[in-house]
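Protein chains in written order, with my numbering: chain A, 12 to 386; chain B, 12 to 386.
Treat the hints with care, as some may be off.
Heads up, the list lumps identical chains together, so a pair's fine if it works in one copy or across two of them.
[What the hints assert, rightly or not] Pairs of lysine-lysine residues, derived as DSSO-like cross-links and limited to a Cα-Cα distance of at most 27 Å, are as follows: (1) Lys73 with Lys353; (2) Lys69 with Lys54; (3) Lys128 with Lys237; (4) Lys54 with Lys44; (5) Lys237 with Lys202; (6) Lys272 with Lys128; (7) Lys353 with Lys380; (8) Lys304 with Lys237; (9) Lys241 with Lys128; (10) Lys367 with Lys34; (11) Lys304 with Lys145; (12) Lys237 with Lys69; (13) Lys128 with Lys69; (14) Lys241 with Lys69; (15) Lys128 with Lys54; (16) Lys34 with Lys145; (17) Lys69 with Lys142.
Everything labelled a hint here was simulated from the structure, so no lab data went into it.
Small disclaimer: the values here were computed from a predicted structure and weren't measured.
2 protein chains.
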Amino acid sequence: MAVRGCFLSIRLQTQKFSDLEEKLCSPSQLHPKPEVSSLVFGKYFTDHMLEIGWNANKGWEKPVISPLHDLQIHPGAKVLHYAIELFEGMKAYRGDDGRLRLFRPDRNMIRMLNTAKRVSLPEFDMEEMIKCIKRLIQIDRDWIPHSNTSSLYIRPTFIATDPSLGVAATNSALLYVVLCPVGPYFTSGFKPISLLADPQYVRSWPGGCGSSKMGANYAPTIYIQKQAEKQGHQQVLWLYGDDHQLTEVGTMNIFIFMLNKKGERELVTPPLDGLILPGVTRLSLLELAREWKEFHVTERNITMAEIVEAHAENRLLEVFGAGTACVVCPVANISYQNRDYKMPAVESPLSQRFFKTMSDIHYGRLQHKWAVDIE
Amino acid sequence: MAVRGCFLSIRLQTQKFSDLEEKLCSPSQLHPKPEVSSLVFGKYFTDHMLEIGWNANKGWEKPVISPLHDLQIHPGAKVLHYAIELFEGMKAYRGDDGRLRLFRPDRNMIRMLNTAKRVSLPEFDMEEMIKCIKRLIQIDRDWIPHSNTSSLYIRPTFIATDPSLGVAATNSALLYVVLCPVGPYFTSGFKPISLLADPQYVRSWPGGCGSSKMGANYAPTIYIQKQAEKQGHQQVLWLYGDDHQLTEVGTMNIFIFMLNKKGERELVTPPLDGLILPGVTRLSLLELAREWKEFHVTERNITMAEIVEAHAENRLLEVFGAGTACVVCPVANISYQNRDYKMPAVESPLSQRFFKTMSDIHYGRLQHKWAVDIE
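Taking the hints into account, I'd like the entire structure generated from these sequences.
Okay, here's the thing in structure tokens:
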């Protein structure tokens, strides 16, 4: 009984912020920071990383923050063979007032827990995770650009490290977090992008895992993304079903602002039906628009036929994407069945208003409960 | 011109067997070999591994065989985030005559090349790869069990190592091969297994990547596999479509041996329509059966309704899986819509005959072009 009690107590102490061990860089180990103008998404990493190990027998280990380093991974580790892996994307901002803020980290942690379940990785305590992430950001706070077009991208990652080739749940895993100072996701900045909507490619389907942020949803899209780029488009608009429903853009959720058949303004985005990722920016734009009460806000299926019809009848006002990396990204064109559907020029676009409101919250110009102080 | 010529010549020399560098274990680095009776699939690895690096600027590096070691992987590597990874599964056998043989390695390499294209990893020379793999096996030949229920499982793996978080093709990659002495895949040996066929879970779909051997096809299946195990089944039989077509078992292709409505014997397996993996064992069984000319051999869609009907009319003779890991695996039961469909007991089952023929080829008791001498 004594031994059992001892094991139990070890389990309860783990993954806790209070157990966090810090092994910080010596001054000579610190890296020079890139120029803000040279920031490419996800190319530069900060000086430190957070790691928390897990194994089926002992449970969670204590969190460790140490200098950014290569991971030592057995060549038979399940992450390298069966893609037992997941990630999240969130951001920290340096406000105009100099204070650091996270944006709705609880939403990312809830999604991460849901994905962990779907990909058979263990549960973790999200409150403790947020505390550890905040501490990592504090340590590398000098990496957060003094610029309100830039931010610190936070990449929690969770991988199955068990060195065993059976297709089965893992007995060991590593949760880690790396940080990247980033500029705008698209090198074009807030410039509108062009989407390829080709029904022959399908990202996700009922009974699959399209609503989870697991690596497995991304690898198959790279090939199609390259086809889109070859044809001069920046991203793929993924369709589903014989009626070519719009789903999402892979790195963003999709929004359509249009006049409905009654001539009323309606903001439409596809519903969380298991096919699309439940984006935190998507949720936030929906909540903002519902607060504003200026137009209809609808989560419903919308087909390419409806887009084509609204386009022909000049009822299509704007199309834009929403995601953590880009925040809001206007769409200039949708290429579908060998035709380009160009979006009209709009005065004071809704996408720009969303972007400004979100930015005001991110950079502390607008006090809002979604912005969580780091220190 | 001179510089250009020089680069070209470096590119042409790479990935070649003739450039292979060998850094072999010292005697003290060699590991003890496990007992044949304790072999669990994919748990024990041999002393050495093969690695070939690639990057977008310089192309392929020279192959290196060195002691099995952890890989040093940047935490931002694309394999850990977007599952840009693929693998193959093949086997080497120690024949009754003591000679070592590979089984149809060209088929695995062709599939690996196809998967590489789909997952946006670079092309490689399959002939050179086979030569390097043969050499690796020769070096670790003492790991191949002296047992004709065992073999050496060969796991070529290909991962994207580029440390950059953009969702895009990789600029660097590592192709490596590890070896595992293995016993029977299922701990039950050649004992029949039970399959869960639940239409609410879908493995693959048109416009997806179900016919490629990439990690992304496996991670989403683990959760469902656990559900099957909880209900007392060994594997999942994946269905597709409103008519519940049989597709595959995830680690095996599926075969149905039955009497058709005319009372004729027919061997049915689902067609290569993009939803299923083009198995090398699947192909081999089809080729054997077509040589035998004793019954109809058909690649066609078959639905659960047809299985249920044939079962009710006592026309279902056998169901079995086929794959490299298990070779041939009889199915005793399919659980579908809360009913168990038990397979009848058969005298001299076809699955057993396939298994014996394949084993005879593997272990050199039957001379056959599919068995490729290693030395």
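For each hint, the structure was consulted:
no., hint, result
1, Lys73 with Lys353, "neither (53 Å within a copy, 49 Å between copies)"
2, Lys69 with Lys54, "between (35 Å within a copy, 20 Å between copies)"
3, Lys128 with Lys237, "between (31 Å within a copy, 12 Å between copies)"
4, Lys54 with Lys44, "within (12 Å within a copy, 43 Å between copies)"
5, Lys237 with Lys202, "within (20 Å within a copy, 46 Å between copies)"
6, Lys272 with Lys128, "neither (42 Å within a copy, 45 Å between copies)"
7, Lys353 with Lys380, "neither (37 Å within a copy, 59 Å between copies)"
8, Lys304 with Lys237, "neither (40 Å within a copy, 46 Å between copies)"
9, Lys241 with Lys128, "between (37 Å within a copy, 16 Å between copies)"
10, Lys367 with Lys34, "neither (39 Å within a copy, 59 Å between copies)"
11, Lys304 with Lys145, "neither (35 Å within a copy, 69 Å between copies)"
12, Lys237 with Lys69, "between (43 Å within a copy, 21 Å between copies)"
13, Lys128 with Lys69, "within (19 Å within a copy, 40 Å between copies)"
14, Lys241 with Lys69, "between (49 Å within a copy, 23 Å between copies)"
15, Lys128 with Lys54, "between (29 Å within a copy, 24 Å between copies)"
16, Lys34 with Lys145, "within (16 Å within a copy, 45 Å between copies)"
17, Lys69 with Lys142, "within (22 Å within a copy, 43 Å between copies)"
Figure legend: structure checked against the earlier numbered hints; hints not met, in rising order: 1, 6, 7, 8, 10, 11.
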